[in-house]
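**Q** Chain by chain, the residues:
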Amino acid sequence: MTNLVEVRNLQIEATTDAGRVVEIIKGVSLDIADGEIVALIGESGSGKTTVALSLMGYARPGCRITGGEINVNGKNLAALSEKERAKLRGTVIAYVPQSAAASFNPSSTIMEQVIEVTRIHGLMSPEQARRRAVKLFRALSLPDPEGIGARYPHQVSGGQLQRLSAAMALIGEPKLMIFDEPTTALDVTTQIDVLKAFKSVMRAGGIAGVYVSHDLAVVAQIADRIVVLKGGEVQETGTTAQILSAAQHPYTRELLAAFEPKPRQAHADTDAAVKPLLRIDNVTAGYGAVRDNGLPLIRAVDSVSLVVEKGRNLGIIGESGCGKSTLARVIAGIHPAAAGDIVFDGKQLERASGKRSQDQLREMQIVFQYADTALNPAKAVEDIISRPLAFYHRLDRQARSKRVDELLDMVRLPRTLRYRRPSELSGGQKQRVNFARALAAGPKLIICDEITSALDTVVAAAVIELLKELQRELGLSYIFISHDLSVVDAICDEIMVMYNGERVEQITPDRLKAPTHPYSKLLFSSVPKLDPTWLDGLVRDPELVSQYGHR
Amino acid sequence: MARAAASRRSFLGHSYNLVGVVASLVIVAWTLIAIFAPSITPHSIGDIVEDDYFGPMRQGLWLGSDYLGRDMLSRVLMGARYTVGISLAAVVIACFSGVVLGMIAAVTGGWFDSCLSRFLDAMNSIPSKLFGLVVVAAVGSSIPALIMTLAVIYIPGAYRFARALAVNINTMDFMTVARVRGESTFYLIGSEILPNIIRPVLADFGLRFVFIVLLLSGLSFLGLGLQPPLADWGALVRENIGGLPFAAPAVIVPSLAIASLTISVNLLIDNLPQKIRDRDA
Numbered sequence: 110m111t112n113l114v115e116v117r118n119l120q121i122e123a124t125t126d127a128g129r130v131v132e133i134i135k136g137v138s139l140d141i142a143d144g145e146i147v148a149l150i151g152e153s154g155s156g157k158t159t160v161a162l163s164l165m166g167y168a169r170p171g172c173r174i175t176g177g178e179i180n181v182n183g184k185n186l187a188a189l190s191e192k193e194r195a196k197l198r199g200t201v202i203a204y205v206p207q208s209a210a211a212s213f214n215p216s217s218t219i220m221e222q223v224i225e226v227t228r229i230h231g232l233m234s235p236e237q238a239r240r241r242a243v244k245l246f247r248a249l250s251l252p253d254p255e256g257i258g259a260r261y262p263h264q265v266s267g268g269q270l271q272r273l274s275a276a277m278a279l280i281g282e283p284k285l286m287i288f289d290e291p292t293t294a295l296d297v298t299t300q301i302d303v304l305k306a307f308k309s310v311m312r313a314g315g316i317a318g319v320y321v322s323h324d325l326a327v328v329a330q331i332a333d334r335i336v337v338l339k340g341g342e343v344q345e346t347g348t349t350a351q352i353l354s355a356a357q358h359p360y361t362r363e364l365l366a367a368f369e370p371k372p373r374q375a376h377a378d379t380d381a382a383v384k385p386l387l388r389i390d391n392v393t394a395g396y397g398a399v400r401d402n403g404l405p406l407i408r409a410v411d412s413v414s415l416v417v418e419k420g421r422n423l424g425i426i427g428e429s430g431c432g433k434s435t436l437a438r439v440i441a442g443i444h445p446a447a448a449g450d451i452v453f454d455g456k457q458l459e460r461a462s463g464k465r466s467q468d469q470l471r472e473m474q475i476v477f478q479y480a481d482t483a484l485n486p487a488k489a490v491e492d493i494i495s496r497p498l499a500f501y502h503r504l505d506r507q508a509r510s511k512r513v514d515e516l517l518d519m520v521r522l523p524r525t526l527r528y529r530r531p532s533e534l535s536g537g538q539k540q541r542v543n544f545a546r547a548l549a550a551g552p553k554l555i556i557c558d559e560i561t562s563a564l565d566t567v568v569a570a571a572v573i574e575l576l577k578e579l580q581r582e583l584g585l586s587y588i589f590i591s592h593d594l595s596v597v598d599a600i601c602d603e604i605m606v607m608y609n610g611e612r613v614e615q616i617t618p619d620r621l622k623a624p625t626h627p628y629s630k631l632l633f634s635s636v637p638k639l640d641p642t643w644l645d646g647l648v649r650d651p652e653l654v655s656q657y658g659h660r
Numbered sequence: 221m222a223r224a225a226a227s228r229r230s231f232l233g234h235s236y237n238l239v240g241v242v243a244s245l246v247i248v249a250w251t252l253i254a255i256f257a258p259s260i261t262p263h264s265i266g267d268i269v270e271d272d273y274f275g276p277m278r279q280g281l282w283l284g285s286d287y288l289g290r291d292m293l294s295r296v297l298m299g300a301r302y303t304v305g306i307s308l309a310a311v312v313i314a315c316f317s318g319v320v321l322g323m324i325a326a327v328t329g330g331w332f333d334s335c336l337s338r339f340l341d342a343m344n345s346i347p348s349k350l351f352g353l354v355v356v357a358a359v360g361s362s363i364p365a366l367i368m369t370l371a372v373i374y375i376p377g378a379y380r381f382a383r384a385l386a387v388n389i390n391t392m393d394f395m396t397v398a399r400v401r402g403e404s405t406f407y408l409i410g411s412e413i414l415p416n417i418i419r420p421v422l423a424d425f426g427l428r429f430v431f432i433v434l435l436l437s438g439l440s441f442l443g444l445g446l447q448p449p450l451a452d453w454g455a456l457v458r459e460n461i462g463g464l465p466f467a468a469p470a471v472i473v474p475s476l477a478i479a480s481l482t483i484s485v486n487l488l489i490d491n492l493p494q495k496i497r498d499r500d501a
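Sequence order for the protein chains is A and B. Counting in this note's numbering, the first sequence runs from 110 upward without gaps. Counting in this note's numbering, the second sequence runs from 221 upward without gaps.
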């Protein structure tokens, strides 16, 4: 036994509710040496999380490990009893989940939860455990290492919580850490702190790691080797440098290609007089009690003005909580503005959607981030897409059916999908249906609220391509809201940066390299690059970070 | 279908199990009896056909005789008609009104929701048997009055249940999308919410049916239900309670009838056929 982890010909099966057996993992083999960090990457459904979980001898409900060996630290987890596996979890192998916020118990203090592992395994006295936890907090560069343990999970930020869950995993001094997309839910500016903290503790302790992610740029910063998975099989294995520079497998190349900046579409009609399609002036909106001046207590959007021209796209970018989604809801009238004007296609719009005319509603459509909740799970795709046709255009059954076929063609979905329910579609397919429903209305403006952020890189790139094509064919305008700069960069003619409810800067993609506002600078410099040395070489202005970063 | 679990089989794209099938057969049997009762009863329910009261089972009087010497089989068969019929009518009214109001309240929100919720909470706080007593004292006991009373008693529960489910659905983005599209409240509740809550609502429907059967039997036992010579199962138990020391079938059989119906409905709810979702097998 030379390596810490040796997985040989791992097979995992699941049973569906019809009793059919599905092979999820088809003979995966994998080695991890002491102190080495291996990244598992692949699209959603590729089995990367399933493989990572199997290293703890765990299979999710309905799945079971049916074949192969999982040797960790000299023990074959596949052959151990559940009780023996439990002894290894937390002491030899530890796990950092994707969403720390969902994994902490909201009703007990952080310290109690961090040292729980030592109590379960009887590793050390609670006093010792607390001292060790504080040491870990310091190593993970958490603010106030002595005091933070006494807080409750809702009293710290998402990035801090993610580092605290790493502390929880590290307290049992494991030899292997499993990270399951730990930074996917974080803002780019926060992600950097978390990545840096992870990297330094792993390096200092000589701990081996498995890092599950679909973000190649993040993986490039932290992993020594990369394993590319697809359809439950290993496609390619190599050192990070090898994979990044000379990927062999077509799927890996596709992943890499999704990172290449796309050639932007040139606007031939730049000189022609472009009419503004949407103009909003000094719009303010927020939540909480309305005060004497008619403005709400908490202003999520504060005096924002913007213009969208016909056939052009505006990107709105900023971190979570900056008010960009509220702005989208204000424009669509879901959350009526407290002050300001919204002028659409030359006409003043009512602030609340309920008071707008049917045509005004039809011409401005909004597409939400999570297709899972934006599509009614009880309806077939056909019914979902045909409702706007019946409602706005009063088409009869035959005309609707024909149009549904056309719309499915437009969003590049096979026509046979029309009888399926949303739960029977993949994430990318769902988002396309979501988009097709907006198209069915025949809009002039589509507000896309983070529509690619729940998708993995390759699928997101395909959706963006689709959006561009449809724009060329149908002359649409988009307002594209995202926290992902590369997405906005790919499709937008102008980019507006929001911070704390205010518009801080509006720039064009050509000048993206040279933002003037300090917050834009920080934001743009925080986007991970494919270069593996990027994180180590990154120097950020500490003044900027303390002013705008949420540590 | 490589390895279907032993207790579940599949039929028409649904999987079901044995308990559910047996329970539904019992329910179907009682329903048929309720429908065809007048043509299958051997005697009229009012006729005194036996000199002996609380008579044992014998040929011709398959379930013995009651406290007046009437044929128990006929009375149980006709009792099915009243118990199943009244309960079904009441539960349909209660669940329909409760679920529709609950969904409207969830979608509308604001003061409409608050007022309706508080009003129905107040209704809920009135003990059901006392409420029945007051209504019977006020308007007398008749089948329509019984149905309405039972329905009113169970509307708040159905409302609460449907509202709680609908509030969860209401926060979904597809509801926002439909609202921004300009859809009416009735489209929202009928087409967007209802399909998502129909299964728990049906389960609640069955459970409420059981409660109503029991409450109706309870009211009849207290003498507030159907008036003689008509009798539902609860009334049959009450009027023959004197036969208990003699182990007369007259008191045991209607009790078994109530038990078999309520337990079957309960078991059917717990074992409803499940649609098999994975179709691209």
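It cannot be assumed that every hint is accurate.
Claimed, not checked - Here are a few chain B residues that sit away from chain A, every Cβ distance over 10 Å (derived from the structure): (1) Ala254; (2) Ala309; (3) Val397; (4) Gly402; (5) Glu412; (6) Ile418; (7) Pro449.
Unchecked claim - The calculated label-pair distances, taken between Cβ atoms and stated as ranges, are: (8) A:Lys192 <-> B:Val248: 47 to 55 Å; (9) B:Thr328 <-> A:Leu583: 44 to 52 Å; (10) B:Thr328 <-> A:Ala489: 45 to 53 Å; (11) A:Gly176 <-> B:Gly233: 30 to 38 Å.
It is worth saying that the hints were derived from the structure and are not from the lab. Quantities reported herein were computed from a predicted structural model and do not represent experimental measurements. Note that the Cβ used here is the ideal one computed from N, Cα and C, for glycine as well.
**Q** Would you check whether the claim that proline 449 of chain B is not at the interface survives, using Cβ distances to chain A and the 10 Å cut-off?
**A** 49 Å, holds
**Q** Quick check on a hinted range of 45 to 53 Å for threonine 328 of chain B and alanine 489 of chain A, using CB atoms only.
**A** 28 Å, violated
**Q** With d taken as the least Cβ-Cβ distance between isoleucine 418 of chain B and chain A, does d exceed 10 Å?
**A** Not fine: 8 Å to the nearest Cβ puts isoleucine 418 of chain B too close to chain A.
**Q** Would you check whether the claim that glycine 402 of chain B is not at the interface survives, using Cβ distances to chain A and the 10 Å cut-off?
**A** 5 Å, violated
**Q** If I take the minimum Cβ distance from alanine 254 of chain B to any residue of chain A, is it greater than 10 Å?
**A** 33 Å, holds
**Q** Beyond 10 Å from every Cβ of chain A: is that where the Cβ of valine 397 of chain B lies?
**A** 6 Å, violated
**Q** Far enough from chain A: is every CB of that chain over 10 Å from the CB of glutamate 412 of chain B?
**A** 6 Å, violated
**Q** Go ahead and decide if the range 47 to 55 Å is satisfied by the Cβ distance of lysine 192 of chain A to valine 248 of chain B.
**A** Taking Cβ atoms as reference, lysine 192 of chain A and valine 248 of chain B lie about 49 Å apart, which means the hint holds.
**Q** Can we trust that alanine 309 of chain B is non-interface, i.e. its beta-carbon lies farther than 10 Å from all of chain A?
**A** Since the minimum Cβ distance to chain A is about 28 Å, alanine 309 of chain B lies beyond 10 Å and the statement holds.
**Q** So does threonine 328 of chain B sit 44 to 52 Å from leucine 583 of chain A, Cβ to Cβ?
**A** The hint (44 to 52 Å, Cβ to Cβ) is violated, given that threonine 328 of chain B and leucine 583 of chain A are roughly 36 Å apart.
**Q** Okay, glycine 176 of chain A versus glycine 233 of chain B on CB: inside 30 to 38 Å?
**A** For glycine 176 of chain A and glycine 233 of chain B the Cβ distance comes to about 32 Å; the hint holds.
Violation of the numbered hints given earlier is confined to hints 3, 4, 5, 6, 9 and 10; the remaining hints are satisfied by the structure.
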